Each structure stands twice: as structure tokens, then as C-alpha cells.
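Residue numbers (the numbering used here), protein chains in the order written: chain R, 36 to 368; chain E, 36 to 368.
Simulated from the structure, these hints should not be mistaken for lab results.
What you are looking at is a predicted structure, and each value in this text was computed from that prediction instead of being measured.
A couple of the hints might just be wrong.
Repeated chains share a single entry, so a pair holds when one copy, or any two copies, can fit it.
Straight-line distance between alpha carbons at most 16 Å, and here's what the computed EDC-like set of lysine to aspartate or glutamate pairs gives [stated by the list, open to error]:
| hint | residue 1 | residue 2 |
| --- | --- | --- |
| 1 | 168 | 323 |
| 2 | 328 | 287 |
| 3 | 328 | 188 |
2 protein chains.
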Amino acid sequence: MALMTFDELVHIVRSVFVRNGMSDGNAMIIATNCVSAERDGAASHGLFRVSQYVSSLKSGAVDGHAKPALDPDSAASVVSVDARNGFAQPALELSRQPAIEKARAAGVSIVTIRDSHHLSALWLDVEPFARAKLVALAFVNSIPRVVPWGGQEPVLGTNPMAFAVPREHEPPLIFDQASSAMAFGEIALAAKTGHSVSSGVGVDRHGQPTTIAQAIIDGGALLPFGGHKGSAITLMVELLAAALTGSNFSFEVGSSVAPGTRTVRTGELVILIDPRRIGASNFYQRVDVILDKLMASGVKRLPGNRRHQNRMRSLSEGIAVSDAMLATLNGYL
Amino acid sequence: MALMTFDELVHIVRSVFVRNGMSDGNAMIIATNCVSAERDGAASHGLFRVSQYVSSLKSGAVDGHAKPALDPDSAASVVSVDARNGFAQPALELSRQPAIEKARAAGVSIVTIRDSHHLSALWLDVEPFARAKLVALAFVNSIPRVVPWGGQEPVLGTNPMAFAVPREHEPPLIFDQASSAMAFGEIALAAKTGHSVSSGVGVDRHGQPTTIAQAIIDGGALLPFGGHKGSAITLMVELLAAALTGSNFSFEVGSSVAPGTRTVRTGELVILIDPRRIGASNFYQRVDVILDKLMASGVKRLPGNRRHQNRMRSLSEGIAVSDAMLATLNGYL
Chain R
36 MALMTFDELV HIVRSVFVRN GMSDGNAMII ATNCVSAERD GAASHGLFRV
86 SQYVSSLKSG AVDGHAKPAL DPDSAASVVS VDARNGFAQP ALELSRQPAI
136 EKARAAGVSI VTIRDSHHLS ALWLDVEPFA RAKLVALAFV NSIPRVVPWG
186 GQEPVLGTNP MAFAVPREHE PPLIFDQASS AMAFGEIALA AKTGHSVSSG
236 VGVDRHGQPT TIAQAIIDGG ALLPFGGHKG SAITLMVELL AAALTGSNFS
286 FEVGSSVAPG TRTVRTGELV ILIDPRRIGA SNFYQRVDVI LDKLMASGVK
336 RLPGNRRHQN RMRSLSEGIA VSDAMLATLN GYL
Chain E
36 MALMTFDELV HIVRSVFVRN GMSDGNAMII ATNCVSAERD GAASHGLFRV
86 SQYVSSLKSG AVDGHAKPAL DPDSAASVVS VDARNGFAQP ALELSRQPAI
136 EKARAAGVSI VTIRDSHHLS ALWLDVEPFA RAKLVALAFV NSIPRVVPWG
186 GQEPVLGTNP MAFAVPREHE PPLIFDQASS AMAFGEIALA AKTGHSVSSG
236 VGVDRHGQPT TIAQAIIDGG ALLPFGGHKG SAITLMVELL AAALTGSNFS
286 FEVGSSVAPG TRTVRTGELV ILIDPRRIGA SNFYQRVDVI LDKLMASGVK
336 RLPGNRRHQN RMRSLSEGIA VSDAMLATLN GYL
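With the sequences and hints as input, model every part of the structure.
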């Protein structure tokens, strides 16, 4: 096990991506994103994902050299980006400044990204907007892993949504949650480490409930969180992230297809609201009021708190990387 | 039991409201809203609510004569309305046309309503926007009934969110769901009719799980749907509907206070997106594609289908009103 700095790890991961088919600019953005997830303690969305990036690139499913393009005809409060079959993060990066400016000018703006691949954690997409003092809501669709409430087949994606609120004296409040009972990355990690999952999380290849992570992965499927209500949210994410952006639905990639062997080209939608432009007086004070009340009622940890603590520790003590992971990364170089 | 037409019922309910302290204009809007919920089969949000409207008016907590005011300084893509301690529906009605025009002009717009009282179903708020060919997302906070995940006290509201998508040849797809495991109106109705509720829905006055609806109402509390994920959504609704609009949080009305005896003054936020202005090609066709796929996967009923069927039956056969309800309504005249 080695303790590494953020920059050291970004350097290695960036080199891996460049060596395996990414442009240098895209590799810098995606390596920074990937190591940020690792830094914040999201094992399922950090270095664990490097092999998926590499397999996506090698299969030719994703264009690592894609140059995302801003749509010059976007409406006044919209920023539309064509990711051109690249990863979502460079497209989002391109949209960021115009989207912030539009939200500040008109009170609200929206980013649509089409034809993209999103392998990372969603809170990293919304945090920069909250740092720019905007409220942000983001939705991403993925690949078909989730059986809708009342259905028999996995036609919906794990479809995360993220929500970020700026605070005056604290880091932003951020939640990021899959619309499935558990994120697929977490289940993949549980399978790899031989852990079981809670009941209600998934079914096996025969549609029977199971707590064996590997059985969910081997032809099984996930269930939405919270029954029919979570299922409705999963569908909402498909409509926002895919239908509204002009991207593929999750089900338009067959679940039997191996990862990376066929293009996904799904979408992302981000809504930005500027509290200063919509008549919210004392917004920061009011956010503090309700969060203080939650803590007083017995809530021990606000959404995103643990990630922030992990980040502080990683930045002061270094990021712990296992020998096996280092060997994997070196193997890609 | 009597079968009545929509207009007959609106006439009666409107008269009840006027007799008990509403302006004629407000009474027309709210009676139409209330009877629409009854027509669509939402027993918990239809005529059942008339007595709550009346008690709110009689206590002086709500101003039945309030004239909502549009904020003349709203940003380009925002419509802000001060409900002036009236019910939310007249404020929303006032915002509707400018909000639709702003969404069509800039691709996205937002409505904020502050200092309002919302006793009705939320899908009725979003449906007109979907009929105007916009995608709509709405959030309302309420009174403290829900214990946050990890907390000990009911500090959050039942906080519904609604989502509506226009369709080309079908009625809009609409879901409307409380962020609690069950809507309070449904539990009140269960208590009134002596039914029990599922486990996981609520706790009694001692914080112990219960399936007795009356025990949840008598000093008990509700739980969020879907564990910590539903709890995060409940908090998100507080932040969107209250902090961003400049309204009270749900907890700022004590849960021990009898309904209607103290002002609530909560808020509502609606996000509108025009599919035609954000580069979504073939939007209607794409919506059909995923809904057809859901049905093919075994889903029997899409969100909002049952309400639409109830509406069609009510409009052709009449709305069934019990003798007891008729007596209640007549008692208020």
C-alpha cells in the first residue's frame, strides 16, 4: 500500500488514459475527476473505474479524442453540448462558464449534454456550480440494470440524481444518489470483495430476490429504491437526461452486451438556479437554519459530510492506494 | 349517494368557500381545483379537504381574500409571486402565462411562490404546463410530519414533488408523490375509515413503528419513503420550496399546533422546460418509445393512468358524492 498525493495519482491516471486512447486534454479532465472520487472516498467511482475507462476506449465504443461542441443556437437560458461520443466530463467542462453566466443573468439555466458516456460520480459534476454560488440539480441515465416497479425486465438505468446547495461558511451541501436501491459500482465492488448486499437491492437471473452481489451482476438486475416512488424517479431521470437531450435511453444498450463493446451515448441534464436572482432573501442563513434543525433533531451526518471528511484526510495524509491497484495502473502504461 | 356533474359540485364548493371567507375569484380557482382532485379519484385531496379549507379560513390563519402579487423585478427567466398568506393556487394561476412565455422564450423558466398555503394535490399544478407542451417539475413543503433518516423528531414536511411530461397524442405523463412513505391525506383518510397502514410508514407518539393510522396522527410521525434516499429528497424539497422562495420551513409550524390555528406560509417552486428550445429532436416520439418499452416489460400502468381513467369515468357518469359529504358541505352553507 502506498500513500500518494492527489497530483501524483492524477499524473499516473492521466498517463494511463493517454496511453490507451485519450487526447491529452480529455485525459487531464477525466483523470482529475477520477482521482477526485478516490480522494473523497468513493471507492466504487474512483480508481476502481480506470479499467472500465480503458476497456471502453479499447473497444472503440467511446471516442477518447472527442472534442465536445457547444450548440451555437442554444436558447437564451440553455447551454447544449454535443459530447460527440466522448466522455461527459469534457462536455460539462465546456458548458460550465456559459451556464453559470446564463443562470446569473436570468435566474435559472439548463445544461443538456447528448451522446456522452458517464462512468464517474455525479456529485463532482454539481460541486463546481455550488462553489459558484448556484443551486444545481443533475440527472444522468446509464445502462439497463433496473427493473421498473411492476415490470419484469431491467429496462431502466441506475440513473443517479445529484443536488447541490451553496453555503456561506461551509462546503456545499451535496447529495448524489442512484435511483436504484444501490449503485451498480457499489455492487460490483461488493462482488469483487465477496460481500453480500441487503435484501430488496436486486434479483438474480431468474428474477428471484438475492443478496449475492455476483448473482445480481451475472444476468440479474437491480430494483429501484423506495418501491414505486423510486421507480417513478428512475423514469423521470430517463426522460430528463435522455429524451430532453436527444440521447439514448438506458435500454437502448442491451443488458447482455459486455461493457464497452457497444456505444452507449446517453445524456445528462443540469438545472442551475441563482438564489440571488429569484427573490430568496437571506438564503445562506435560511439554509443554515434548517440544517442546524436537522442536526438538533438527532441527525448525525448531513448528505456529503463523509465525502468532505474523506477529502480533508486524503489531502492531509495522502490517498491510500493498494499494491494491487498500483500494479493494475502500471499494467496499463 | 348522489351522482353530480363537475360544474354542480364546483358551484357548491365555491359557495362554501365564499360563505366561509374567500373572495369570489379565489373561491372559483380553489373550488375548481378541489373538485378536479375529487373527479380524478384522489379522495384524500378532494372534497375530503373542504373542512380543512374552512377551518384554515375560520381560524384566520389564511387570508381567503389575499390578492397574490407578481414581483415586478423578477429576473428574465423567473416569475416570483407573493401569495400574501393566501392559498397557493391563485398565486400559481397568476404566474402561469408569464412563466409559460418565459420558458418558451429562453428554454427554461422558474416559478417561485412564497407565503402560501397548499392543501391540494400537486399534479393539478403541473398538468396545465404539460398541456402547454412544457416539461414541469414542482416542489411544495408543508407542515412537520416526517422524521428525517437518522433523526428523532418530525422536522420535515411530507413535501410532495410532481413531474409532468407532455405527449403528442396522449394525456400528459404525470407523477405526484409525497416524500413520506405515504401522503398525510391518505393516512388521515385511513384513520377516518378505520384502515391500518403498511409497516415502515410511520411511528407512534413514542417513536415506535406502528401500522395504526390513528396512532400516527395522534402525536406520531411519518417516515420518508425509501430510507436515506427519500429523506434526502424530502430535505431537497424544503430547500427548493422554502429556502429558495423565501418561505417558512415545514418545521417552523410546531407539529403540536392544531391545523389552521397558526399560519404556515410555506412555498412552492416550479421548473419549466420547453423541449422545443433545448435541442431535443423527436421529443414526443422518444417519450412514446420509452413508455412503450416499459409497458412491454410488464408494467401495467404508467404514473397518472389511473387518475386519467377516473377522470374520464367521472366526466361521463358523474362524480359520486356520499350523503354524509353532501350533508357536510350543506352544513357549511
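Going through the hints against the structure:
no. : hint         : result
1   : 168 with 323 : within (15 Å within a copy, 37 Å between copies)
2   : 328 with 287 : between (44 Å within a copy, 10 Å between copies)
3   : 328 with 188 : between (42 Å within a copy, 10 Å between copies)
When held up to the earlier numbered hints, the structure conflicts with none and fits them all.
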